[in-house]
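For reference, the chains in residue letters:
2 protein chains.
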Amino acid sequence: MLTGQNFIAGASRASDSTFRAVDAASGQTFEPDFYEATRADVADACEAAAAAQGSYGALPAAKRAVFLRTAAAKIDALGDQLTQRAMRESGLPEARLNGERGRTVGQLRMFADYLEAGHWQRARVDHADRERTPPKPDLRLRMVPLGPVAVFGASNFPLAFSVAGGDTASALAAGCCVVVKGHPAHPGTSELVATAISEAVAECGLPGGVFSLLNGSGNALGEALVKDPRIAAVGFTGSRGGGLALMEYAAARSVPIPVFAEMSSVNPVILLPGRLAEAADTLGTAYAGSLSLGAGQFCTNPGIVLGVKGAALDRFRTSAIEALAEVAAQTMLTPAIRKAFESGVGALAADAAATACGKGKGDGEAGAQAQIYTVSGDDFFANPALADEIFGPVSILVQCNDINEIHAILKRMEGQLTATLHMSQTDHDIAKALLPTLEGLAGRVIANGWPTGVDVTHAMVHGGPFPATSDPRSTSVGTMAIERFLRPVSYQDMPQELLPAELQDDAGGVVRLVDGGLQK
Amino acid sequence: MLTGQNFIAGASRASDSTFRAVDAASGQTFEPDFYEATRADVADACEAAAAAQGSYGALPAAKRAVFLRTAAAKIDALGDQLTQRAMRESGLPEARLNGERGRTVGQLRMFADYLEAGHWQRARVDHADRERTPPKPDLRLRMVPLGPVAVFGASNFPLAFSVAGGDTASALAAGCCVVVKGHPAHPGTSELVATAISEAVAECGLPGGVFSLLNGSGNALGEALVKDPRIAAVGFTGSRGGGLALMEYAAARSVPIPVFAEMSSVNPVILLPGRLAEAADTLGTAYAGSLSLGAGQFCTNPGIVLGVKGAALDRFRTSAIEALAEVAAQTMLTPAIRKAFESGVGALAADAAATACGKGKGDGEAGAQAQIYTVSGDDFFANPALADEIFGPVSILVQCNDINEIHAILKRMEGQLTATLHMSQTDHDIAKALLPTLEGLAGRVIANGWPTGVDVTHAMVHGGPFPATSDPRSTSVGTMAIERFLRPVSYQDMPQELLPAELQDDAGGVVRLVDGGLQK
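Taken in sequence, the protein lines are chains H and B.
Position one of the first sequence corresponds to residue 1 (the working numbering), numbered consecutively onward.
Position one of the second sequence corresponds to residue 1 (the working numbering), numbered consecutively onward.
None of the hints are false.
Heads up, the list lumps identical chains together, so a pair's fine if it works in one copy or across two of them.
Computed list of lysine-lysine pairs in DSBU-like fashion (alpha-carbon distance at most 35 Å, straight line):
| id | residue 1 | residue 2 |
| --- | --- | --- |
| 1 | LYS309 | LYS432 |
| 2 | LYS309 | LYS359 |
| 3 | LYS63 | LYS432 |
| 4 | LYS411 | LYS339 |
Think of the hints as simulated: they come from the structure by calculation, not from any bench.
This structure is a prediction, so every number in the text was calculated from the model and none was measured.
Please model the complete structure; the sequences and the hints are all you need to start from.
So this is what it looks like as structure tokens:
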């Protein structure tokens, strides 16, 4: 069924060099062979994207919406075959992957709806005033696509943040052609999804260059893709090292381009005293669940929990330890991720400031063992490296002297995707004092929940100050993600018949800012 | 009256080293001495900005609007003193500078109005659905300020794009504290404006760190400012070399920050055959006026004009030459700019492909002499360096074989601030074919006008693909400029009393996207 070939503008292509997927559970490679994309493949995919960009970018939004819905239906139709392949490649469980497929097609359909709603285009009309000195021109603004986008598939969401994931969906919605660099950890999953998108491209009569998928097991492919002069922007979810490398390539181009990299976050969770006193046990159990969910392989894993020392925090810790003891060892996405996890935990264990305080089941071959460490607030403040992300099911409970120490720690923390407050009504004054710091720190501030679980909606921000992302002004999840791939163009005194439809005088039903006032 | 001191968070400060302004017309320095800001001054200004950021960023928009209007009134009140100083420092004429003051205070007031309209905050509310599997949280989004912004005063707009110019106005509107690096070509003008802003800061009871002005005659000051860890973004208008240097500093920081640099543009103007045939004479006269306006010292100067060879283009050229012959030599902003202009024109004159075809009055000491060169379409296409910007009153008329050649030239051109079509009704089919290329090329597409003159309004885009700017997704003029300095934050399941007012259930009169539908 799988061919292992690259998808270049609708055509399949092999090469001289191959790699294989690794069964996440066994660590053994399995068939088929996947062909490494060559430099020529990169150039051809980018050239096809550039050639298709004009017509795809000019496609009416309603037609792009049809295309996104067609792609969603085709991905849905991949059914169990997709799930089974993704399970073996990623080690993720069936229910999770079925849910992730739902999320993937859901976000394609969400962008289709969003395109039809029209306000994404941010149309603005300023009427002329020829009597003014100097005469005021007629000015009309709308958003247009940036150009071909390079998308890097993420290992930890083989569907929802990979070939047809959030970056691809928002770029295609914006009218940008997409060249995906598939993640080598799930090449078969990638090929199946690419087949679905390619079929949708063909069925909708779009040029093949709208979508390409390139396979590669090393870093050279990604570097060539980001450096290709036809690429106009980059979407990436992955490690800090990987994101920083892409940012460097992009900045060094003769025409620098924006990189939207979602990289690194430890997602501080703050337990405020009132809430801790009333619900220490429940919170502790939930903590163990959140940090070990999906083997901790979420960008929003709660890597750092902060509370004030005392009986309630002791109860929280005890409860978390008890719950964690029941958590089974879990297969991680790849041997490399498992190795990095073991190495990160090893360094933490060797740190004199950190004390191992709770572990999940199993060890060694069985999979990653979930772990909790404790650190004093003083030690944590003195050693900011303790706040570096360790990707996997591990978290540090920081036992602080008082709220002031928590606040001081938060103030010196690096940028985060999320920051969470657990609080009761009695904690609101403390929360009010902390909130400005948390808003400055993170893209999403959560009350009384856990950061894992990122809803795909209009008001979601999955982004945040560096190093959570490369650009704090963006989100990679939710409808606002489309804005990463759009730029404004203004038309001055343009005759009606040459204006885009949504800027003409008789544009119906489009939300526009007209002479400064919002009109439907 | 002028002290020459730096303004650091409301306090004046001298240093051991000084420089003087240069009288643009005479080339002679004149009093007083201005103190070079030290490294300590940079650090102190940034520290004060960081310290003030929390309270200024949290100020209700209505109060920020009052502050912007107060600053506008104080700048207005500087009156003739400001104009006289700016005339001497910049060589620009009185009427232009009075107009520029109007534009400066106008854009401060425009941002005040825009803040009050509220939709700048882009409020979004997605209500919870606790019955969904998994439960859907309540999510609410708004924009918050990025943090302290470094603004570089531009030499060519000593008021409208300098100390209180578009970058400063939009950053202050966004809730960002501002540290300005004053342009050394107009330090006295800068001090006067800084006095006005500082008075407004004090009168509105704001912390001094909201605004600082640092003087410096070299590049070290700007480098230190961009590298200061407390700076969150940079606004710059100036040369390509200068902008690229700032981009490099910003990308190399341990926490990279966005740079919004407006750098380089030759603003192609295309004369379509129908319009050229009916109005060659008028167009030629207008061309001479536009290219020599303000000694050509506009980012939107029409540096390249493209037309199809023939009798009509000959008439256009003749008319332009005749009109240009009447244009007086003009004082340029600085001796360095004059020197760069002479050098650029010298290189052009030495290029075998370019033919000098028209000149304005005067030469040598009297000021810059306006000039037009012609180049064949073939030569222009073969030598892309002919499209490099020469800042000043010079323009190249590219005489092409046909429309296809014009289109081919446009397709390989670098990013531009503007692209202009002169056309009649009979040219609309050609225009339709060119428009997608022009949209991809520039931030503003103009019909039947000249690119000089940038209206400050809602639908203006003064931006465009690199190297016109460092970030094509931005504009530095108009209300959308505020978005450069804002980032989204999402609040999940936050109790009503802890939500920002505009996100609470009973927020009155704020435009919001509620569950995907726009509501007032």
